[in-house]
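Take 63 as the starting number for the sequence shown in the working numbering and just add one per residue.
Hints were generated in silico from the structure; no laboratory data involved.
The C-beta atom is built at its ideal place from N, Cα and C for all residues, glycine as well.
Take the hints with a grain of salt, since some may be wrong.
Only pairs whose alpha carbons sit at most 25 Å apart, straight line, appear in this in silico SDA-like list of lysine to any residue [as the list claims (entries may be wrong)]: (1) K620 to F751; (2) K797 to F751; (3) K620 to P633; (4) K620 to S92; (5) K620 to I864; (6) K731 to F751; (7) K620 to W687.
Derived CB-CB ranges, DEER-like [as the list claims (entries may be wrong)]: (8) K854 to I776: 25 to 31 Å; (9) N484 to V641: 36 to 42 Å; (10) I289 to V759: 36 to 42 Å.
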Amino acid sequence: MKVERLLQISVALLAALGSLFLAFGQGSNSALPLLATLGAFMSVYLTDIKGWITLNRNLANFAALIAVVFSFFDFWDNDDSKLIAIAKLLIYLQVVLLFQPKTTRVYWHLAVLSLLQVVVAAALDFGVTFGLMLIPYMFTALTTLCLFFVYRETLRVDPELRAAHDAVENRPLFSFLAKKQPETNDSTEVSVPTISLSGQLPGNLAAVFSSGKMFVQVLKLGVFTLISTVVLFYCFPRFDQNQFGQGLNGEFGAQTGFKDQISLNDMGNILQSDRFVMRVRLTDLSTETVIDTEYEPYFRGTSLSTYFPNSKTWIVGNLKSYRVSEIKSPPNKTNLVRQLIATNQSIHFDRTNEGVLLFSIYPAYKSRATASDLVDNQTLGIVSMATDAQAQVRQPDQYELLVPWNPFGADGDLMPNRHPLNDRDFRHYLDHDLTQVPLDKEFADTLFHGLTKVANELVADIPGNGNEEPTRLAIAQRLERHFVMDGNYTYSLSVPLHMKNTRLDPIEDFVVNHRTGHCEFFASALAIMLRSQGIPARVVVGYKGGEFNSIGGYYAVKQKHAHAWVECFMPPDQLPIGVDRSEYPQGAWMRLDPTPASRPSPNRKDSGTIIDKFLDWFDYVELAWRDYVVGMNSERQEKDIYKPLTDNLVKPLEGWVSREEWVKFFRVKLAAMGIHLSDEWFNGFASIFTMLALLMVVVLFEVARNMLRRLWPILKRLFYRWFPSKSHRAGFYFKAEKMLSNAGWQRRDSETPREYINQVIADCKSRDVGADMMPALTQLIDWYYQIRFGGKTLAPAQQEAIGDHLHAIEVQTIALRRAKKPKR
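Model the full structure from these sequences, guided by the hints.
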């Protein structure tokens, strides 16, 4: 196949890969990049082979100007729209170039546009798909550059082909469905020359490119480049805490969305995001096996106690003092599992009063690997990483805690209250803040008449014993069943406008009117219902469940797993039956989840099919990509690369460079010889022994050096016989060049070996000297090129003739040196 056809196909493939990068980066807006990918392959047939659609340079410039104008209007939106506008512009320009007659200018522009597409795609999506696609793109780019070099150099050495290439720029303005002229054997017709691999190139290079050796070399170069890139990426030191991918697109630097306050509309936006937040692994302490269960664990974030009707916002509250301490050691009777959480460093966890908010099953206890800067707000039930209020610090890369694991037990939904009940501020927090039903400030009346009426009716239907009032537990469970079991509510991330009554508070409207909403509406409604019955209640936000990965043995928690639930306070005397009340001396917080089962539960996936296994593997690779490529910073490099290398390679060798170890070694050996060293700086026996040892080392070195000098020629011949190399087999040329150099023929830096030998032969003919060595020089340079560039091996007779040729050159150069030194 011709070089130009191979180059056309390679450039089209490179352009198609660049468009695919943009297709994966734009996600749902990938129609245009996919069409551009199809157009890249169509251009090879329609433009390069058939010539049916060709754009003149002037028309192409006009089309490019129109593309710029169309893309300009998208620049006025947000940052993501600017990137999309740039991506569209690159695609438009690429399509215009693909349907032009190909010249070196067009080939080079297409290659540059493809590279720019990769850069923009990295800003749109830096996921594992982008990393995997870089591998075929690299091999395609190397192949394209090699073919482009051959094509351009062939044009440079052949004037006729260069003239045909330049004539392409002067085609008509536009030709559509214009068939190529049929080929003819008429000698009077001028045909456009074609560039073939074996045409204008030197014989040795033509053999390399036409036999496919170029592609083998590109494969070797690509593998070496890939390995070198990986080694340099991980070994080159980083000097800051920033991640490799930080700041490339809108995802990096985003926040989880959980703050000390949250509005009713925020959760709906969070639940629609597929952004990865953290990876959670739960393992048994005794067996170290991964816990995989149908139960969806609750990863607690923060608790909210005060609702503001005007802004439709829940906030933490205004408790004057919190009970904050370091993470405590676990009690003896608690069933615990090890919880290891690895966070996504490309997003920011929000801050609390104590520091950076962390998510965890609660309560959480200290393990041997728990960091000392983790603190526990026992009043609100929040785990944080203690930091300065003004410090811009990220969440830890990973953290480990011990958490209770009894999901199906009687106390599975109970969390012990750790704040003393005799604290006046805490009693006010329970009896006032958590039981207050929000009022209408204008009319000093409750906003939730309908909600309170529904709650009263539900409580009135609770069966009791005579005149006894229902317990808190009975009321809480009945109100929870109203949302979960009665079947009158629908889970949805959005409510149609025609179903809403904007004159009512959204929570009141949710209960008495449309009864459609997401988990935050369910939790808010239940919390206010409980308060209307005098039961302290608060809203808790965090994450529920996650996508369990059977390959990695972890839960992949994403933004779509965000959840809101309710906690109500149970005094010690009203705990459920079957619970050991001695473990809850200060009462307990009971978790209630009013969101109906119709809510999608994405944490469980069947792992029996090949597709599910593949998805688990892909998810595992994607998280590894985020951890060890996108999230690679100086801290992680130190922990995951430098420290293991130091522990496994350097530390075992510390004894070889340690003065103490060597002193100990010599003391033991000398003591065995009857010589005992003291701790003084100078010791007579030690000095004599040291001088004798040094003398012995010098003697051994001289003996070894003399033996090696005598044996070296023999070893060298054996080595070259067992391991022949091209450079050794072609060494005769360098001997000949050295003899010619001594005779006065100096090789210039710009000369190839053949040009140098031809110049020497021409100089000998002009001066009528060295006639006996000219045939030898001609033969030696031919053999050198066959070995060095053709990969051939000389026959035994040719190898024997090399010595005769070198002898002839030596005789002639010695004679010339005795005569007058030649001038060039």
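Report task. Verify the proposed pairing of K731 with F751, using a straight-line Cα cut of 25 Å. Result -> holds, 12 Å
Query - Hint consistency between K620 and S92 [alpha-carbon to alpha-carbon, up to 25 Å] - result: Judged against 25 Å, a Cα distance of about 23 Å means the pair holds.
Query raised in the report: Straight-line Cα separation of K797 and F751 no greater than 25 Å?
Result: Not satisfied, since the Cα-Cα distance of roughly 51 Å exceeds 25 Å.
Requested in this report: Take the C-beta atom of I289 and the C-beta atom of V759, compute their distance, and say whether it sits inside 36 to 42 Å.
Outcome: holds, 40 Å
Query raised in the report: Does the alpha-carbon distance linking K620 and I864 stay inside the 25 Å limit?
Result: violated, 73 Å
Query raised in the report: Taking 36 to 42 Å as the hint, is the beta-carbon distance of N484 and V641 inside that range?
Result: Once the Cβ atoms are compared, 22 Å apart, the range 36 to 42 Å for V641 and N484 is violated.
Requested in this report: Check the following: the C-beta atoms of K854 and I776 are separated by a distance inside 25 to 31 Å.
Outcome: holds, 28 Å
**Report entry** Given pair status - W687, K620, alpha carbons within 25 Å
**Finding:** Measuring from Cα to Cα gives roughly 16 Å; hence the hint holds.
**Report entry** Satisfaction of hint between P633 and K620, Cα-Cα up to 25 Å
**Finding:** violated, 35 Å
Requested in this report: Decide if the proposed pair is consistent with the structure: K620 and F751, CA atoms, cutoff 25 Å inclusive.
Outcome: Violated. K620 to F751 sits at ~70 Å, over the 25 Å cutoff.
Of the numbered hints listed earlier, those contradicted by the structure are 1, 2, 3, 5, 9.
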